Structure formats: C-alpha cells, structure tokens
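Given chain A, work out where chain B should sit, using these hints.
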Amino acid sequence: MEKILLLETGETFYGEAFGATKEVIGEVVFSTGMTGYQESLTDQSYNGQMLTFTFPLIGNYGVNADDFESVDPTVKAIICREVARFPSNWRSKMSLDEFLVEYDIPGIKHIDTRQLTKTIRSHGTMKASLLNEGTDIEAALATLRATDLPTNQVAQVSTKTRYVNPNAGKNVVVVDFGLKHSILRELNKRECNVTVVPYDTTAQEILRLAPDGVMLTNGPGDPTSIPEALDMINEIQGKIPLFGICLGHQLLCLANGGETFKMKFGHRGFNHPVREIATGRIDFTSQNHGYAVDADSLVHTDLEITHIEINDETVEGVRHKTLPAFSVQYHPDAAPGPHDADHLFDRFIELMDNNKNLEGTI
Amino acid sequence: MPKRTDIHKIMVIGSGPIIIGQAAEFDYAGTQACLSLREEGYEVVLVNSNPATIMTDTEIADKVYIEPITLEFVSRILRKERPDAILPTLGGQTGLNMAIELANDGILDELGIQLLGTKLSAIDQAEDRDLFRNLMRELNEPVPESDIVHTVDEALAFAEQAGYPVIVRPAFTMGGTGGGICNDPAELREIVAKGLKLSPVNQCLIEISIAGYKEIEYEVMRDSADNALVVCNMENFDPVGIHTGDSIVFAPTLTLTDHENQMLRDASLKIIRTLGIEGGCNVQLALDPNSFNYYVIEVNPRVSRSSALASKATGYPIAKIAAKIAVGLTLDEMINPVTGTTLAEFEPALDYVVAKIPRWPFDKFEKGDRQLGTQMKATGEVMAIGTNLEEALLKAVRSLEIGAEHMAKTASREADEVTLIDKITRAQDDRIFYLAEALRRGYTIEQLHDMTKINLYFLDVLMHIVELENTLEANKEDVAVLKEAKRYGFSDLAISRLWENDLADVRDLRAANGIRPVYKTVDTCAAEFESNTPYYYSTYSADNESMPSDKKTVLVLGSGPIRIGQGVEFDYTTVHSVKAIQQAGYEAIIMNNNPETVSTDFSISDKLYFEPLTLEDVLHVIDLEQPEGVIVQFGGQTAINLAEPLHALGIPILGTTVEDLDRAEDRDLFEQALTDLGIPQPEGFTAMSVEDTLQIPSKIGYPVLVRPSYVLGGRGMEIVDNDADLRSYMEDAMIASPDRPILIDHYVVGTEVEVDAICDGENVLIPGIMEHIERSGVHSGDSMAVYPSQSLSDEVKATIVDYTERLSFGLNCLGMMNIQFIVQDGQVYVIEVNPRASRTVPFLSKVTGIPMAQVATRAILGESIIDQGYQPGLYAEGNMVHVKAPVFSFTKLNLVDPQLGPEMKSTGEVMGSDINLQKALYKAFAGSNIHVNDFGNVLFTITKADVAESLALAQRFRQIGFSVMVTGDMQAEFEAAGIDTVAVTSNEVTDEKEIEQTLVNLITEERAQIIINTWGRARHDQNSGQLIRKAAIERGVPLLTSIDTAEAILYVLEDRGFQINALV
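Protein sequence lines, in the order shown, are assigned to chains A and B. Just so you know, the first sequence maps onto residues 5 to 366 in the working numbering. Just so you know, the second sequence maps onto residues 4 to 1067 in the working numbering.
Please keep in mind that the hints were generated in silico from the structure rather than gathered at the bench. Note that the structure is a prediction, hence the values are computed from the model and not measured. Some clues are possibly wrong.
Stated by the list, open to error - 20 Å max Cα-Cα, derived SDA-like pairs, lysine to any residue:
(1) Lys456/B x Trp94/A
(2) Lys273/B x Asp346/A
(3) Lys456/B x Ser96/A
(4) Lys456/B x Tyr297/B
(5) Lys273/B x His347/A
(6) Lys97/A x Asp419/B
(7) Lys456/B x Arg95/A
(8) Lys273/B x His343/A
(9) Lys582/B x Gly865/B
(10) Lys122/A x Asp546/B
(11) Lys97/A x Phe532/B
(12) Lys193/A x Gly865/B
(13) Lys266/A x Phe532/B
To be verified - Here are some chain B residues pointing at chain A (derived, C-beta under 7 Å):
(14) Ser227
(15) Asn230
(16) Thr258
(17) Gln265
(18) Asp269
(19) Asn293
(20) Leu459
(21) Asp505
(22) Leu506
(23) Asn535
Said to hold, decoys possible - Ranges between beta-carbon positions, derived for each pair:
(24) Asn473/B x Gly138/A: 27 to 33 Å
(25) Ile424/B x Glu142/A: 18 to 24 Å
(26) Phe265/A x Asp229/B: 29 to 35 Å
(27) Glu195/A x Asp372/B: 47 to 53 Å
(28) Ala146/A x Asn473/B: 40 to 46 Å
(29) Gly588/B x Trp94/A: 43 to 49 Å
(30) Val482/B x Ala146/A: 29 to 35 Å
(31) Asp76/A x Ala507/B: 55 to 61 Å
(32) Glu195/A x Ile424/B: 51 to 57 Å
(33) Gly588/B x Met130/A: 41 to 47 Å
(34) Glu148/B x Asn238/A: 55 to 61 Å
(35) Asp204/A x Gly517/B: 45 to 51 Å
Beta carbons: idealized from backbone N, C-alpha and C, even for Gly.
Bound-form chain A, shown alone (with noise of 0.2 Å):
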C-alpha cells in the first residue's frame, strides 16, 4: 500500500506502508545511528514524534524481549529506507513490522530518508503528515498546518503511580519525565534501591521516602511546559543529591535559572563527541534531544557548565557550583549507543556516599 509523508513545507514523499495504517501527524526528527532500532523506538523522549533512521537497513535483528526502554512506545511513527524481509538474530521474537503493527504505529519505507534528512537539516525538525493512499493532499496540508502538536507529552509518558524497583543498596527516588528503562538498569546494577515516581509528585512527597540521590529522567517535548518540577528540584536541591538526564539536565538549568531553546534539528544518534572540561576527556554519546540550555544563560547562575559537545559547543553538562547536583544533556545510560559515559553513574554513586559522609560528620 502507498503512503505519503507530507512534511509542513508542502513537500511530499511517496513511500509504502508498513506497520500500522493509520494516519498521524506528528514531528519528523532523525537519528544517525545504525543500530538500536527497537531501543529507540521504545524511547519515550520520542514521544509524538516521527523517527527517520538515516541508516537504510532497519529491522535487521527483528525485535526482541529484552531491549525495550518503555512498555508503551509513543513514538508517532517509523521512517525507514528499507525494512528487512527476513530478520535473524538469536533473541528476535517478531519482525519489526508485527511489532508496529501490535502497537499500533504506522511506518512508511522506501523513500529517499538522505533527502528528507537534507530537509529537516536545512529548514529545521517541522510537523508533517503520514497519509494514506488517496487522501486530499491540499485538505491534509491545511489540517497539518492548523494542528498544534500537543504539549503535555510529559504528562502521557510519565508513570501515573509510583513502583519500586528494590535492590539492597542506596535509596534512590527516580523522577519519571519519561525514563528509558536502561536508567533503571544501570541504578539496578549498582545495587540502588529505586522508587520510581511520577513527574509532578512534590518535593515533600520525594523527601518523605528519604532517599540517598533523586534521579531526574530524560522525556519528551520543552523543558519550559513542565514548571511544576521547577519547584520540586529547587526544594531538593541542597538537601538530596540529583542527577539529571536529558529533559531533567534542562529541568536542572530552568530550575537554576538557566534557559533553554528549540535546536534547529536536534542531537539524535550515538556519535555525538563530549568533552568534560575539566579533564578534556572526550566519551561519545548516545543522544535524543531537540531542546539544550543556552549557555549564556548559565552565566549568572550558581551553575558551571562542566561537559561541551565538540563540534558545536552546545552545553552538554552542568553541576552545582556548591550543591551536590549534577545534570548531563546526553544518555549514559546508552541503549542504544555506546557505554562511554557510563561512569557518570558511579560518580552520583559517589555524590551520594560523600553526602552521607558529610551529613555524618555534622
């Protein structure tokens, strides 16, 4: 069956369907990397979005049980070059198009994904339509163009009640804008006792599980249409330690003062370079964002920018000057993308056990 990916601009692209057969209207972004399909399409940070993969071989490995970042992705819809027709790898359970198609998200394959990559590059991430064969072409780009995309993606993403992910180790409260799964995993794999809450619980509510370090998870959308968690993170600030990902980095920056703004097309993929500052050491990064925080912004705040992306200098990570806080605008928790960063979690391992020492010593 044909499809079309009608983009804001008037631009078309003629495609077939897979997955799903529904019509949407979402976002287009792309990422760069060449693997991880299933992990980046179960991110939530992808929410009301739709994901070209410029890498044209997608659902090689089919999908599997294991490499899930959510259990109800949100991602709008799958754009790919080519879909394989026989996937093979030793977890896989179904193909990627039974996967679509059981979670509802329609895919569009075959078209030129380098052109319309060109696109969104040159005239920034826009809204575009994913169409069926024979509809109004004209109609569809008036309804696209008079659609607001929604703003309260956080909001559907967000666990609705807290869980608890025990392990013997520290207490962490981990605020859920709409984590990838792999946060869990690396917090689990340090022993850390997780309560994972929901993004508008308050400060008192956080404090009262007594928790050794609060998490802020990655999401989707503008860190600016959250501002209740502003005030959740300036009451915690100073008394917990914090760790921010993503969507909570820019949520660390707003709450600070700091600011942020839209990316022309965003970071999406693995192979974003950072360098820490004080170090120079340089991890690459795994990395979905189409919002960072102004560094000029930061100038006259108590935050110091501590990690910079190297080739366009965007803010990459901050800390608290004097406060146990921290935030890093990229992924280290990786999945999909690589592990370099992944330090980054023993270090707010180590924030913590210094806090408690200190608390110990007053």
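Structure of chain B alone, referenced to chain A:
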C-alpha cells in the same frame, strides 16, 4: 596536544612488493601518511622497494629511496639520513617487521631514532600469540582455547586434549600464510610442519575451531590523549573459518543488535587503550550467533587492508589521521577532512551499505587449490556502495570482471546437483553464485544455512534477488517491475537476459520512463552536517546530489580490482593521468571500484565515482557529467575493453581512436599493419578449430607459441613443440571459450625487449628501451627487466627506435603505446603492441624521471611533446643500471606451479638500482626476498635441451666454491665437461616418481641452497618437477626455473665475492 617539535625528520617504511595479503592498500596508506606528515612541516624520508606505487613518486616525500626493505639497506639509509624517528605502522607487516628487526639490531638506539605510532612492546603484545593471550586474559577478554607450539608433537598433544577441528596460525606471517583448519592428526601434522617453517620465530598458534561464529571487525583509532573511537565496524558474509581477506564483507555490521555491537565496541576500545597504540588498529572478533559469547581472534596494531576498506567505506581517512596522531596531534584538534567543518574525533555514521568482494586469481590459476580457509588467496578486492544490500552486492559482483554481470556464472548455472552441494559446503571463491543457484533450484534459505552457517538475513538477500529474477521473467517489459529490479541493483544486462530482449531495449525502456540512478555523497555523517566531499555512489532514488561542473571535464576509467596481470601499476598511471588533466585546466573525474588504491581517495580527483566499470555504469556517469571525453589508456585492459562499446554509442574516446586500438589488438588487422609498415614479426596464423590449428606448424615450424586472442597477462599462453601437445591445447581452449580465435606464432628464441612510447601525433618520445634477463618464452611480467639495455648494439637500438616510430605513426597512436620485441641474432621482431599504458610505465617513469602517464595525457589533450619540454626520439640513458624484478606469491597458492612460462604468475615487483648490473641485480634479488648463500650446493634438475647452457653455469658455480648436484642421468655429461658433481639420484632407478621423491627429500632436508629446475615445460609432462618446485617454495630455497635467471644470480654471487685464483 600540539604536534611534536622535538622531531623534524621522519622515515616512513613502505610495504615493498605486492604479494597476496599485502597489496595496494599500503600504497594508499603510505601516500596519505607521507603527505600528511609533510603537511605538518616534517621532512619525510621514504623507503620502499616497489616502483609501481604513487608513494615512491618524488612529490610524495622529501627523499625517496627505492631500495630493498632489508636490514642491510634500511640501516644504510638510516646512517646516511639520520632521521629523528621512524613511522613503521603504515607499511603493513613488512614495515612492522622491519622496525622490529632494526630495533633488535640496536641501530635505532645507536642513532637515537624513535619509533612513532606503536611501541615495540605493543607490537609484540599484539603479534606474539603468547603475549597476546596473556594480555587478553588480564583484560578479561575471551580468546579461544589455544596453545603455542614449537613442534608437531606439541600440536598433536593439544588437539588430542582440546579436540578436533583445530585452527593453526603461524606466528608473524602475513595473510595467515601457512595456516589452516585441521580435522585430523594427518592434516595437523602437515600444516604445523609447514607453518613452523614459515614462521620466522618457528612458532604456531593452535586453537579450537570456532567455525560458524559471526566474524566481526572493528577499525579503531586512538591518540596520545587516550581519545579512542571506532571508525567503522564490519561483518563478514562468511562465518569464521575463512580469512577475512577472502571473505565477502559488509560495512557496517548488519545482523548485530545494538547490545551486541556495543559489547564488541567496548572490547575493541579496551584493547587499543591497553596496547597504547597511537594510530589505527584492527580488532577481529568472533560472535556466537546464538548467545552473547564472543572471542577476540586477532589484533593488528597497524593500518591494514581492513582500514583501507573502512576508509573508503566511510570516507574517514584513517592513514592520514594516524600519521598525524603519530606526531602528537590529537583527534579533537584535527578537522574531519570529509566534512571540513567537524572534528576528526568522530565516529562516522553511514546512510548506505557497503559490500566488499575479494578478487581471486583462479581465473588464471585454473589448477590452483580454490578451497578457502585461514590462508588468504585473493589478490585484490572490489567494493560497492548501495542503499540496500542487494544493490551493493550486485554492483560488487559486476565490478569483479569475472564474466558475471549478475549473481550467476555459467558454471554455477550448469552445475549438477553434486557439484552444487560440494561448492556450497566446501567454500571456494565462487560460493555465492552457487548459493544463489541453489535458491533458484528450490533450496530454502534454512537448508543453505544448515550447510554453511551463513546468516539467514544474508541468505534472504540472495533469495530476494532470485525472487526478483522470477518476477522479471514473469513480467516482461513491465515498467513497475523494471523500476523495482533497478532499485535492487539489477544491471540492464541481467534484465535483458531475463526478458530475452536486447540490452538496448532495456536501456530505451528505462530512458522512456525516466528510470535512472541518482548519485549520493559519502560524507561520514549521514547528511547530519553539510559536506562538500566529491565522493559519490549511484543508487535508484529521488534526489541527485552530484551536480555537473560548469568547467570542462574529462572522465578517466580506473583499472578495477588488482589481479595477476593488472596490478597497482595501472592505479599509478590513472592517478598520474588525473594530475595531468587538472594541470591542463580540466576537471578530472575518476570512476573505479577498488577500495585499496590511491585513485579512489576522494582527494585525488575533482570527483570520484565509486562504481562498477561496466558499460551501463559508465554511461550513467557520462549522461550526468557530459565530459569532453573519456580516457581509457591508463586503466589497463579494464578500461580499454570499454572503449569500443562507448565509441559505438557516440562517446568521444580521447587519445588513440577506437579503430586504431583495434588495429593493435585484432590479430589480423595488426598483422596487416606490420606488413604495411615493413616490420618483421614471427610468422603466425589465427585458427578457429583444432583441425585448422594442426595445419599451421607445417608452415611455420615448431616450436610454436599458442594463445587465445584478447587476453590479459598471457593467460592461456603456451609454448608447444609437437602435434600431440598442440591438439591437447586446442581441445582445452575450445572448451574454455569456443568463440574466441586462437593465435599460433612461430616461437622465436631470443632476447626480449620492451619499449613504452608516447606519441602526440607528430612526434614520438621513447623514454627507454628495457631488456629482459629471461629469454622469450617467459611472460614479460614475470621477467626481470633491465634499463638501460646491457647487451643491445647501437644498430639494434636504432632499429627498435625506428620500428617504434613507424608503429606509433602507423597505428596513429595518440598517447601511450607499449611494444614488445624479440631480438635474435641482430634481427628485430615485433611480437606485441599494447595501445595503452603498460605495467612498466611506473618503473620507467621512476628511472628516467619522465612522468610518462602525465606527458601522454597532456599529449592526448593536445599539448605536443616538444611544448612539454621533451625532445622526440630515444631519451638519453643515465649512468645507473636499474632492474625490475617480479615477485611471486606461491607460498599462498597451493597447487599453482611456480614454473615460469608464457603465462604471468607474479603478483608484484621490486626495483634494484646501482652503478652496475651486478649490484642492481643484487638489490633486486634482495628486494624480492631471494637470499642466496655465498656457498653451498646448487642442484641442477634440467632437461636435455638445457644441458649445454647448464654446463657453463655449473662451471662458474664451482669456480666460486659451490658444489654441484645433478641427477644421475646427467652426471656423465657434467663430468665429461670436467665439472665434478655429486649425483643425487641413482641411474638404476627409472621410476620418475621415485626420482622426484628423492629430490624432494633432499630439498626438505635443506641440503640444496639453490635449485635450478627446468623440467615440465612441455605440455605432455607439465607435472614433471612440480613436486620439486613445490618443495623448494615451501622450504624457502631459491628456485630458478629459467637458465637466464640462474645466470643472473651467478653474476651477483661472482661479483659479491673476491676472486680466489691459485697462482699459475
């Protein structure tokens, strides 16, 4: 960290002659490295014995030494030049081994010379199997259970305990030389014995077989600040068990989940960091297809064939960056040369898929052992880029130039069931064609997977191709189906065969429906950043990124994969042609498909199209670019073969016209031309049948030289001296190619002479006359060539110049021409004309200083030889003597007879230059790794015909103190001539096999130091002496199958020693 200022002068060691396992990739790496170091302001001294390389051009380094890469000569150069440092990691295993030898010798310490790139300890840790395994254990990285053995018994004991099959890998050998998989004690005994001999440290690794695992490679880089990254990962189509150089390889990995990919990436980075390599490194891993278990198989602490492939596959220039890292620069302070905007500290993201297929020499070595295993056998490779795997694979297949325009060969099509299954289960070079054929015949991908362990995803790609074939067949001339087939890489030719119509019909149908490829950029970043790299590949899609230039352009066709008869020389000429085109004010466009070479470095030309060199693919580029014309003279036979079909479609061929090319290549037209020009040639005829042929010797007399027309490197050429052999030859030839005429010439015995000439239409420049050491009968590519000629009279030279001029004008040559002569008793015959650049162009260019391919290109573009500053006629000869010597890869090719003859067998060449012939020969032998003892036993195993000449040689060997060994039947004649000999076989034994076995034992026991063997030249007994030759190759004893080469060695030995004469 900024670059180092404590060093100023750096020596780069090249990789020497092209052999299997070490090919043009090191010309590419070395050239990049030298230029990269000079860019940073360092003075570069280069040493490489291989003249057929771009890296030995004087523009590449400040000082270029074309000298043998041996301790003796490199030490001399070090003492003279006193460099501050050596960069040994870009010259393959040869460069690395040389560095180790220099360090062990103490000269580096003595002269205070540092090694850059990789520390000696790291080289040892990566290359010494024992140290390597210990290191892996420390890192907690799994390696297959294995043992280091120094004797056959140790190997047997290990296998007894660990279980068969086991893999044997000799230490410190290139391309896995001498290794193999052993299924039982008998095989193990044989392979270990051979491996121990081949290993310079008499050491073999023996390990449990993990055949069936996925074979994965990571190309990693690291700098002095410990920044490390993966440039590219690759997955082999063939599971573990076949040498990666002999495997079909895809980039990036295709069947690994992110979890698996990151796990192996972590391991690779951990290894390069631990080894402390500053530069590039290759890590080979084996991954269990059914669990997360993996093993580290091998680490190459240097730039390798895989890194050349990774560079071309991603655009990321590994060697160039590695050289800069070696002098202290770090990845985060260098710009990624592809984007020009981002930093080199970057892991490329591909938005296409790459397929590499090796090119094997079995089209020439029909009797060679085609079984693939841990010993690499390919001479070269092709690479193709597509946006789906079907497209990449089919493009790669048609780049191979093996007569397969699609995933099929005549032999695979016609194979019976037994052959089919055999070809699938016992992997040979052509397995992929049989896999496709099996699918056509109804086998399932699961069945094939069970037989081969090849991943089902890959097999399904073949299945898809077969399904598309069926769809095409069922829907003749259907536009939608055509579109689909083109999108998955089908050639017009393949489609027209399935549609049973004319190629032109398919082309027209495409044109009428606007079905044509677009060109996409290789940019390292999947279009995330802007990039203006002029590096393109075709695919069937919407958006074309290659914009034709508004300047005038010229298209140069490259020479495709390296094979015997068409080596790196043609890449050299291609690159030079490009330079000249640019100097003449045009933009130069290159089309080529060889990932190993300099010509496919995107910085060489104004535009690079990495594409198959077939008519269709070339036409697509021409349609888009509309060049002024196409230059075909520099890409060997590959490019020349495209001239006629391009011309037929109205595409201008620059230089000698197609009609005149044909007059040189078509036998009858050529004979006519020679007759018209009054130039003598050996009498000869063309025959189309066995009966025709047998009439011919009565007219011209035996011996005769027989060969098929239009072939490369003397393939199928033989000297025959009787009717029975002639009949047998013809019968074979008619089966091989029934429609091709056979050429039969009188075989003139004489001195072979070769000339390369440049003609601008008005004048002819003859840079030099080369004389061959071996008389006619040995292929010119396998002969030693000497410049200037040492034995020709001025009169003969004048005749040669005269004939060359007559031929140039007579055949309306515009550009280059190569002519081969035979001189017999002062009479000069012309035996062959190649209306194109030949394999001797780089050699002659280097020794005369005339950039011949450039001069020829400018002549083609209209600039006269005189305007270029050259006088017509024979260029003045210098005072030095230069020898070009062939280099062979017989140790890698089981069952290939090392006997030299009219068919070319060498894979590479070296050059030796000095003030006289003897010294130049010495260097040529040293460079080609023929080391002759000053004393010992010389064994003569010769035919009756060679006795007279052998006596004279034996006499001279005795004179310098050698003992002469002969077979019993020859002893009387030698003794009669007053030469004392040792008879090594008994006259009472008449069984040839027994005699041969006695000689083999003698060689195996290393009782002979030089072996002269001329048995088996005639067709009826061509196996005769083969065991002797094989034994000599295996034991590394100098083997001379031509009396002339033996005499050349004798010159060297005589010259090397002092005279020992008693008083008279």
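Hint check against the structure, violated hint numbers in rising order: Result: hints 6, 11, 12, 14, 21, 22, 23, 25, 27, 29 and 35 break, sorted rising.
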